[in-house]
Amino acid sequence: QQQVKQSPQSLIVQKGGISIINCAYENTAFDYFPWYQQFPGKGPALLIAIRPDVSEKKEGRFTISFNKSAKQFSLHIMDSQPGDSATYFCAADTSYGKLTFGQGTILTVHP
Amino acid sequence: DTAVSQTPKYLVTQMGNDKSIKCEQNLGHDTMYWYKQDSKKFLKIMFSYNNKELIINETVPNRFSPKSPDKAHLNLHINSLELGDSAVYFCASSQEKGGTEAFFGQGTRLTVV
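Going line by line, the protein sequences match chains D and X. Numbering-wise, the first sequence is residues 1 to 111 according to the numbering used here. Numbering-wise, the second sequence is residues 1 to 113 according to the numbering used here.
If we strip away everything but chain D, and leave its shape as in the complex, we get (with noise of 0.2 Å):
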């Protein structure tokens, strides 16, 4: 049972493009919602999270938007640069840390 799904799999934006990818998930006990990733050979690094108490959190380049309502939340990356290319997850959580993971979007920007 996945529990989070993302899409798209995969997304290739050019140098200066916004990259954008979402993801659902089922359990309302999810509490904390973080953006994870992750370069060839290394491990996830956290990039931004965001609790259900807010619907927009930003951090640099990087946005958040959640939509409570529909259990839905994604990450914005503006003026997208070919150093971010890497695997990006969405993860939910709970206060007993079970972190469930989504299925990863491999983003590729060309310069």
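Read the hints as simulated data drawn from the structure, not as lab findings. One or more hints might be untrue.
Residues on chain X that point at chain D, a partial pick, calculated with CB under 7 Å [what the hints assert, rightly or not]:
#: 1; residue: LYS22
#: 2; residue: LEU43
#: 3; residue: PHE47
#: 4; residue: SER48
#: 5; residue: GLU53
#: 6; residue: ILE56
#: 7; residue: PHE104
#: 8; residue: GLN106
Built from N, CA and C at the ideal position, the CB exists for glycine as well.
Following the hints, complete the assembly by docking chain X onto the known chain D.
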């Protein structure tokens, strides 16, 4: 200083062997995890320990046994390795047992031949 370190980085072994992966964190965190990343890059939690106590044990074959000698260490022992165990295994830690940033190690690529 590496926050979460795993050894070895690569592990190639034959079916039926027993192997261990070691993990150490120097962040002073209370909670440690093991995750498995399959060939399609899907990440799934296997185990979680909080203050040396097992709190999450997903539907993992009992050939996999975690051991936490202290809060800073969480090792993973695998008995009777099978081809399907080939994957990248990540150790991670977090300050609390949920709702906070998890710091991941660099991963151990296990290949069973």
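Notebook entry, point to check: In ascending order, which of the hints set out earlier in this document are inconsistent with the structure?
Noted result: 1, 3 and 5
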